[in-house]
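Visitor: Assemble chain C onto chain B, guided by the hints.
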Amino acid sequence: MTITAPIDCHSAMEQLWDYLDDELPPDRTEQIHAHLSTCTGCESHRQFCRAFLAQIDLPVVSATHVAELRDKVRATLQRHGL
Amino acid sequence: MRTTGARTRAAGRSPCMVRCGAESAPNPRSSEGRRSEFGRELVDGNLSSFTMMRPANSPNNANSSAVPAPDQSGDVTTPVPVNAAFESAMMSCLEAVMRYARMLTRDFSDADDLVQETYLRAFRGWTTFDMASDPRRWLFAICRHAFLRIRHRELRMVSVDEELELNALAAVTMHMRTVDEGLGRVFDRVDLGPAVARALARLSDAHRVIVVMVDVDGLGYAEAATELSLPIGTVRSRLFRARRLLQQDLVEYARDAGYARSPLQTHDGKAAAQTNLGGLP
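In order, the protein sequence lines correspond to chains B and C.
So the first sequence is numbered by my numbering: it starts at 1206 and just counts up by one.
So the second sequence is numbered by my numbering: it starts at 833 and just counts up by one.
Chain B with its partners taken away, still in its complex shape (with noise of 0.2 Å):
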C-alpha cells in the first residue's frame, strides 16, 4: 500500500486543471484525489470546474448553412478531381 503525504488545499487548488487534464504523475494525482475526498471545499470546486468543462463544445450550426457549405465543397472537390 502506498503513503501519499497529505496536501493542503492551497496546493490541491493549484493543481487542479492539471489533475481534471491528467497531467499530473500518478503520486501527485492520487494526494490531490486524497485531499478532494475529505475536503468538502475543494471537491465543491471541482465539481464546478468538472460541470464547466463539459460545457465546452462545438457551437451550433444551422442545417440550411450545413447544406450550403456542403454542396459548395463538393463543388469544389469535383473541380479538382472526385
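It is possible that part of the hints are untrue.
Across the chosen pairs, the derived CB separations fall in these ranges [stated by the list, open to error]: (1) B:Glu-1273 / C:Ser-1036: 21 to 31 Å; (2) B:Pro-1211 / C:Pro-1063: 43 to 53 Å; (3) C:Asp-1020 / B:Arg-1233: 18 to 28 Å; (4) C:Asp-1023 / B:His-1238: 24 to 34 Å.
Coverage of chain C stretches by chain B, computed from C-beta distances (three or more under 8 Å per stretch; other residues unrestricted) [unchecked claim]: (5) 962-976; (6) 1071-1081.
Hints were generated in silico from the structure; no laboratory data involved.
For every residue, glycine included, the Cβ atom is placed at its ideal position computed from N, Cα and C.
Guide: Frame of chain B, contents of chain C only:
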C-alpha cells in the same frame, strides 16, 4: 488514471455528435462576397493552386466509380473517378468540421474557407487515411493545422504577463462568489451552449486555440505545445487563463439571465459556510 478531464470527454464523443437547430450568430457577410485576409491566404495559398495527385493504384481507389465531370468550360467531357469511400467517410463529418472551424476562426466566412481547405487537403491526403481510425478526428487535425499555418506567428507571441499567470486560485475565488450568489451549480443545471460560443469568440486567438486543442480535441499539454512550438508552461498558463475568462463570462451571463439568487435566500443563511473552501482567500 484519467479523472474527469478534457481528453476523456473529447474521446468519448460520438464522431458526429452535433447540436442542431438555431444559428449561433448572424453571418454578417457571405463567404462568396468580401473575403477576409485569412480567407485570401487560404485561397491564394492553396485552393487556387491545388492539384490532385493520387496514385492510380491507391487502395482507397478500390471504391471508386467513374462519372462525367465538367471541364473548364462547364461541358461534361471526360470521366474521372469518384471515390465513394471518401464521400461516405468524410462528407458525413462536414457539419462537425464546420462547427470546429467556427470555433477556431470566430468568423463564419473564414470558417467556410477553412472547411473547404480542410476537405481539399483531406482529399489530397486521402491515401494516407487509416480507414480504421476516426474520420472526424483526422479532419479536425487537418483543419487545425491549416488554421495554425495561417495564424502561427501571432499564436507564438507570448506576453510576460501570460507566462506568469497560473491563476488557479483566482478561479477558486470566483467560484466562492458564485456560490454566494446561488450560482455554484449553474454549469450542472443550465445548458450554456450559445453563451459558451460567444464567450469563446471573445477570447484571443492565442487563448481560444488552446481551449480547442485541449478541451475539444483532447490533446495533452505537451502535444499542444509541440504543435504550437511553445513552451509547455505557456500552454498551461494560456489554458488556465482562458478557462478563467470563460468561467467569468459564463457566470456573468447566468447572472444577467436571472439564474442567480440573492445571498439572503441561500440555504437557510448558510452561504458563508458554503463558500469556505478550506480557508482559501
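Visitor: Look at each hint and say if it fits the structure.
Guide: For each hint, the structure was consulted:
1. Checked against the hint of 21 to 31 Å, the C-beta distance between Glu-1273 of chain B and Ser-1036 of chain C comes to roughly 29 Å, which is consistent with it.
2. Evaluation of the 43 to 53 Å hint for Pro-1211 of chain B and Pro-1063 of chain C yields a failure: the beta carbon distance comes to about 31 Å.
3. The given range of 18 to 28 Å is respected by Asp-1020 of chain C and Arg-1233 of chain B, whose C-beta atoms sit roughly 27 Å from each other.
4. The supplied range of 24 to 34 Å is met by Asp-1023 of chain C and His-1238 of chain B, whose beta-carbon atoms lie about 29 Å from each other.
5. Coverage of a stretch by a chain is defined here by at least three residues with a beta carbon nearer than 8 Å to that chain's beta carbons; for the segment 962-976 of chain C and chain B the count is 0, and the condition is violated.
6. Check on the segment 1071-1081 of chain C: 5 of its residues sit with their Cβ under 8 Å from a Cβ of chain B, so the three-residue criterion for coverage holds.
Of the hints listed earlier, those the structure fails to meet are numbers 2, 5, in rising order.
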